Structures are given as C-alpha cells and as structure tokens.
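In case you want the letters, here they are:
There are 2 protein chains.
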Amino acid sequence: MIFNTQDLLNFPDRYRAHFINSLSGYKSANLVGTRSPNGEENLSIVSSVFHLGAHPPLMGVIFRPHSVRRDTLENILQTKTYTINHVNSLIWKEAHQTSARYDEHQSEFDATGLTPYYHDNFGAPFVAQSQLKIGLELCQHQTIELNKTVLVIGKIVHVEVDDNAVAEDGFINLEQLDTIAVSGLDCYHTTSKIARLEYAKPNKPATTKA
Amino acid sequence: MIFNTQDLLNFPDRYRAHFINSLSGYKSANLVGTRSPNGEENLSIVSSVFHLGAHPPLMGVIFRPHSVRRDTLENILQTKTYTINHVNSLIWKEAHQTSARYDEHQSEFDATGLTPYYHDNFGAPFVAQSQLKIGLELCQHQTIELNKTVLVIGKIVHVEVDDNAVAEDGFINLEQLDTIAVSGLDCYHTTSKIARLEYAKPNKPATTKA
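Protein chains in written order, with the working numbering: chain A, 1302 to 1511; chain B, 1302 to 1511.
For the record, the hints were derived by calculation from the structure and aren't laboratory data. Fair warning: there could be bad hints in the mix.
Chain A residues, not near chain B, derived (Cβ > 10 Å throughout) [as the list claims (entries may be wrong)]:
hint, residue
1, S1337
2, E1341
3, A1355
4, P1357
5, D1372
6, K1381
7, H1406
8, S1408
9, P1417
10, A1429
11, T1480
Heads up, incomplete: computed chain B residues facing chain A, CB under 8 Å, no partners named [stated by the list, open to error]:
hint, residue
12, S1323
13, S1349
14, G1354
15, L1391
16, L1439
17, H1442
18, V1451
19, I1457
20, V1458
21, I1495
Values in this document were obtained by computation on a predicted structure and should not be read as measured data. We treat Cβ as the ideally placed atom computed from N, Cα and C, and that holds for glycine.
Produce the complete structure using the sequences and hints provided.
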C-alpha cells in the first residue's frame, strides 16, 4: 500500500502518531533521570535517545514541544546533569508508567516503585533497577524550528555496567543486560542476536565474527 | 564496573567506538538510497535514523564527519531527495556490505546485489527487497559543531508498506515486516514482541493492549 503526503496529512491525529512513530524502525528504551534545583526527582521514559559520536562521547535526545516531559527538560536545562538508564524486561511496565501525567511535584520514582540511586556527588538520580546507567552533562540544546521539538546533546561522563557484558573489543552485549527495544509509541520487544559482522571491505563478502 | 570521563578517553579508539556505540541501546537498521545529479546511485546502511515528529511527519538522520557516507550526504544536499528502507533478515548481510569503501563511481546496489526500485517521478532509488520504503524531501541540515557530524531532517512524502502490517490504530507491526535491529557497530538482532501497553494514566497501573 502506498501513502503520499496528502494521505499522511489526512490521517486522524492518533492514527498518524502511531503510524509515523513506527516508521523509523526499532528504537532504544531509556529512562531519563533528573532532579530540579530544589531537589525534586523526575523520571521519564524516552524512545528518542540516539548515538551522536564516540570521541568525544556524545548522546542526543529529542523532547516533544508540550508534554509532561517538559519537567525533565527544564531540570536538564537548569541543573546541566541527567542520567540515561536502559529499560529491561523486569521494569518495562514501570518504565512505561512514567509517561503518565503525574502532578508536577509527584516523583515518578515514588509513583512507579523504581528506585533512585546516586553515585558520589553526581546530581541526577540513576535507576537502581537498570543494568546500564549513564551519567551525562548537558553540552548544548536547540529548538528544531520545524516542529518546536528540542534536541538536547550531552557528554557521557559516567557509565555503570556489568563487566561480563563488555566484550574484548568494547562491544556491549545488550541481550545479556536484558535491554529491550521499542517500536511505535507503545510496543516493547526482546531481541535475539543474529550475528555480528566484520568491518566491511569492498572485495570481501560480509563475514560473521567468531 | 564504573567508567568515568577519563576512563572513556583512555580507551583505544576502536574499543571506544564499539563501547560508546552500544550505550544508546537498540538502533534502527535502515538503508539510505540516493542518486547524484548525474544519475549515479548510492546506497548506505545507517543506524542513526530517528523519529522527529508526526505532524508534520519528520525523520532525522546523523551523518559522520568524514567517511564513505559523504557520497550519500552530498547527494541529499544536491538533489533534496532520498529514501529510507528498513533492513530485514533476508538482506542484512548485503545491507552491512554497503558500508565498505567502494569507489566513488561504484553503485552499492550493483556491488551488493540489492535492487533499485523507482516510484513515479521520485528521484531517489528505493530498495526493492525492503518491506518498508520511505521517500523523503530534505527540510534542513546542520553541522553539530561539537563533533562535526551532520544532522539531516527530512519530510516524509511517500510510504510503501504491506497493509496487513498496519494495525487498526495506525501502529505498524515491524515483526511482520521482518524488520531487524542493530546494536553497537555491527550486531544484528531479530525481535520478539512482549506486548503493547495502553496510554499511561496516573491512577491506573500499566495495562497491556488486547
């Protein structure tokens, strides 16, 4: 079936949201942890975290223009620190539940039963139940004028991960960590590894890694 | 195990690339199809496509500062059109192979055996073997000064997908389409649906969709 620009515009709003959110393919499932300047904790699930570069180590995340997620964005802009925590198959329902529109002063940690965890003097809360915890410092943010979403770029300053999941070459085995994936707005998936492939070269067919 | 900023900087380059590329979680696996102003086709795998908004329907993709992928970026900037095509489990090796540094005038379609497919007068080639094909028009691009990567934002103007995979509410069943996921630089995964969850509300526990 083929849809053109006009077809997409004619979709009812919720239908379009489900459809367009499905188009990019599988997405990462992460919880963003923050604290307001007066110490109130905030936690929200996002499927918009993406790799931006390894050297310096950078991650991007997109925030919607108007939503409950603005608490998280405001905290990041004010405190310059936040955490990104992988969602796993033991906490996926609690993670999804953080997207409910709780009152401004209600902590999503308390509301969902997820446990805040602090490391040394890093200001933002990690999620104790997450098996891969990342601490970031805000580098820059900008509004995408096309739709008023906000792109936030942070530098990775802290990573906490089970060493058994880190391969000799630095690759992290996400299945061992029980990390899950998202599709669309609300569908959660476990994964099964097909294989890793060697660095591709023009005169050599694709080869699986031992 | 805990890594701080200095630990990450001390990693050998390849180790750091594998490690940091794994941190965001599962990524989408897509092939970007373009054609140069004089008609030469180009195809490259990317794991950096992300959802940017449903209304207007927008997608983002990050291109690295210096790599074989610049052909694709140059074509997009010059022709303003490109395609994004889901990678599935029948073409994952061919898709990965498009990342080899082929000569500038060598088509990755020819080199890998993937088949270009054109629709009406849309200028960029789709991948015939892909089960979800998206046509985009360039909206804007910008260099992220922190690391000289380039963010390209496009408007979705064409979507081709099997109707059986589109649910009543607009959600697209990616497993039915055989779409796969990537982790790190080179690991490919199939997925298994856990469940879809209802829109979260503060006074209601997370509920699976029927």
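Enumerated hints in conflict with the structure, sorted upward
3, 4, 11, 15, 16, 17, 18
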